[in-house]
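Number of protein chains: 2
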Amino acid sequence: MPAPFRTALPAVVLVILAPLTPARADDPLPSWADGPARQRIIKFVTAVTDRSGKDYVPPERRVATFDNDGTLWTEKPMYVEVVFSQERVQALAGKHPEWKEKEPFKTLLEGDPARVTRLTDKEIQEALVVSHAGMTTAEFDALVKDWLATAKHPRFKRRYTELIYQPMLELLAYLRANGFKTYIVSGGGVDFMRSFTERLYGIPPGQIVGSSVKTKYELRERGPVLVRLPDFLFSDNFGGKAEGIERHIGRRPVAAFGNSDGDQQMLEWTAAGEGARLMLLVHHDDAEREYAYDRTSDVGRLDKAWDEATRRDWLVVSMKKDWKVIYPFDKK
Amino acid sequence: MPAPFRTALPAVVLVILAPLTPARADDPLPSWADGPARQRIIKFVTAVTDRSGKDYVPPERRVATFDNDGTLWTEKPMYVEVVFSQERVQALAGKHPEWKEKEPFKTLLEGDPARVTRLTDKEIQEALVVSHAGMTTAEFDALVKDWLATAKHPRFKRRYTELIYQPMLELLAYLRANGFKTYIVSGGGVDFMRSFTERLYGIPPGQIVGSSVKTKYELRERGPVLVRLPDFLFSDNFGGKAEGIERHIGRRPVAAFGNSDGDQQMLEWTAAGEGARLMLLVHHDDAEREYAYDRTSDVGRLDKAWDEATRRDWLVVSMKKDWKVIYPFDKK
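Chains as they are written, first to last, in this note's numbering: chain E, 1 to 332; chain P, 1 to 332.
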């Protein structure tokens, strides 16, 4: 039975061609300005892939974890999933007259962005869980995909899925070309993210670590379904990011990428391993091309993690200085 | 920066050589008797890897999920993790005088195997959670590894890690050689299993789906740790297997392998997808070489899932007839 041989051939072709296909194989990070940030990334990748060097990391240990909101796509003026959730709450309000007087639904229904951004994490969680429950996982996936296909960002008038960071796409591809396995580790919902992460970032559904609700297996007449319950299972933020990494991946990352205080523990957890490490924070300091916010922002606050980055010499990337372009559509 | 090229070369070498290295590349399943079970497995794999056939499945969708206890290793007379748990309870009993009078600890301390096997799932869960908590994830890993290195099976007088099924090892390798990604989906604890699954089965820690306890991130003086809490997070059994698959993998398997009623929903969930599928149950019918048990067994009961297999023409493998050898050490 020569089946093993039959699949070996296409696999080889794929592996040989993959590094050749990018237009600029000689410059893996063309959207990164030639400065210390870019140099440090390349130095790290070169060190851990150099078989004869002291910092060599075997391929199976090359785990890189990326936050999503504010690290791979724009999170201002409000986390995309919260915008989706707000519209779900508005759509379902007719069936829930009590929401008019009950927080956090009242604020979401009234829709004043300044007040929505000031909802606590716990309130946002409650709204997410309730508005994302009562349907099957397949129905939820369809809802998210439909919404993302049409919803537009209030300032850029583009679909949210267009507002991904070109330099980070290049970084993802560069790491993968160097044998890294790339994961998302986000406070966002696993199922929400899976509706776009493979298409946008090339990260398959099994490499998405995130928050999740409980589900229930039901055998219906037309077959089994998984029903989403209005009950939180796991919050993948702050310390939860290290917990999610351990539970899902079971290996400590050697590189971790974030942008806010919610990523601090993921970077600490990464830094605590032995050998060469790369801890990177994206600093949103470009009000003209994107947004400028840090220590006092309600969304994506970067305060304690920034101090920690300074103290421990983690790489802080300036969107303004280190990124030649922000979005793919900016490219000439 | 030619780093992408540097890694491309070893990858190619690996892919070309991998299918050649097994001694019997022409017979991927040498420990399977030449009969209908073996033929059906090969027919399925041939069909889904044939690019020109109607049943072709692209590599990224070739997800195969394996139960562990009773499917990949021996689960009689008692699940290995419960034996470990029982010994932990005995070791900790001095600090918990109340356990002498309190179930399930009382039964575990007295140690009558017949009564231990009759503990309910909920009681076993309680013992597992309590006896596996209060230490860091790293400390737990060390405890399990130490225990597995010395503990012996009461009948075979071998380490538990030797009591893995040679035919299933060949099946795992055969599927991987044909582009499948192999996962464990087990009622057992993720962290317990990870201490041996990569070494025994070649399945990396990120492809282990299982039950888990809650953990807590703590920043200690010497660095961050994850502390295991005496609180259950998720039970990956029965319907939980489909839930675990969806949450962790996010893709429906095209092949699923189990041996007991706890696997029924995983096989149902797998079967409910479109296109060619393989659902397989190992039937323990070999009292001489291993054990014979099914409808009335307290451990690994195969009753409802067997009826379902008959009704839906899932493949039921007879250990006695379909497997030439059981364990690797049986091989001549």
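Just so you know, not all the hints are guaranteed correct.
[Stated by the list, open to error] Here are a few chain E residues that face chain P, going by a calculated C-beta distance under 7 Å:
id: 1; residue: G134
id: 2; residue: T136
id: 3; residue: T137
id: 4; residue: G223
id: 5; residue: S235
id: 6; residue: E246
id: 7; residue: G250
id: 8; residue: R252
id: 9; residue: Q265
[Unchecked claim] Far from chain P by the CB rule (all over 10 Å, computed), these chain E residues:
id: 10; residue: E218
id: 11; residue: R247
id: 12; residue: I249
id: 13; residue: R251
id: 14; residue: S318
id: 15; residue: Y327
Calculated from the structure, these hints are not laboratory results. We put the beta carbon where it would ideally sit given N, CA and C, even for glycine.
Consistency of the no-contact label for R247 (chain E), given chain P and a CB cut of 10 Å: R247 (chain E) not clear of chain P: closest Cβ-Cβ about 6 Å, inside 10 Å.
With a cut-off of 7 Å, does the beta carbon of R252 (chain E) approach a beta carbon of chain P closely enough for the hint to hold? It is violated, given that the least Cβ distance between R252 (chain E) and chain P is near 10 Å, above 7 Å.
Just want to verify: R251 (chain E) was marked as not at the interface with chain P; is every Cβ pair farther apart than 10 Å? violated (6 Å)
For the hint on G250 (chain E), just tell me whether its beta-carbon gets within less than 7 Å of chain P. holds (3 Å)
Have a go at the T137 (chain E) hint: is there a Cβ in chain P nearer than 7 Å to its own Cβ? At 6 Å from the nearest chain P Cβ, T137 (chain E) passes the 7 Å test, so the hint holds.
Verify that the Cβ of Y327 (chain E) lies farther than 10 Å from every Cβ atom of chain P, and report whether the claim holds or is violated. holds (24 Å)
Taking the shortest Cβ-to-Cβ distance between I249 (chain E) and chain P, state whether it exceeds 10 Å. Per Cβ check, I249 (chain E) is inside 10 Å of chain P; nearest 5 Å; violated.
Mind checking the CB of E246 (chain E) against every CB in chain P and telling me if the closest is under 7 Å? Status holds, d = 5 Å.
Least C-beta distance between E218 (chain E) and chain P, which was stated to exceed 10 Å: violated (8 Å)
Just to be careful: measuring from the Cβ of T136 (chain E) to every Cβ in chain P, is the smallest value less than 7 Å? violated (10 Å)
Interface restraint verdict for Q265 (chain E) against chain P (beta-carbon cut-off 7 Å): Check passed: Cβ of Q265 (chain E) comes within 6 Å of chain P, closer than 7 Å.
Minimum beta-carbon distance criterion (7 Å), S235 (chain E) to chain P: violated (11 Å)
Checked against the numbered hints above, the structure violates hints 1, 2, 5, 8, 10, 11, 12 and 13; every other hint is satisfied.
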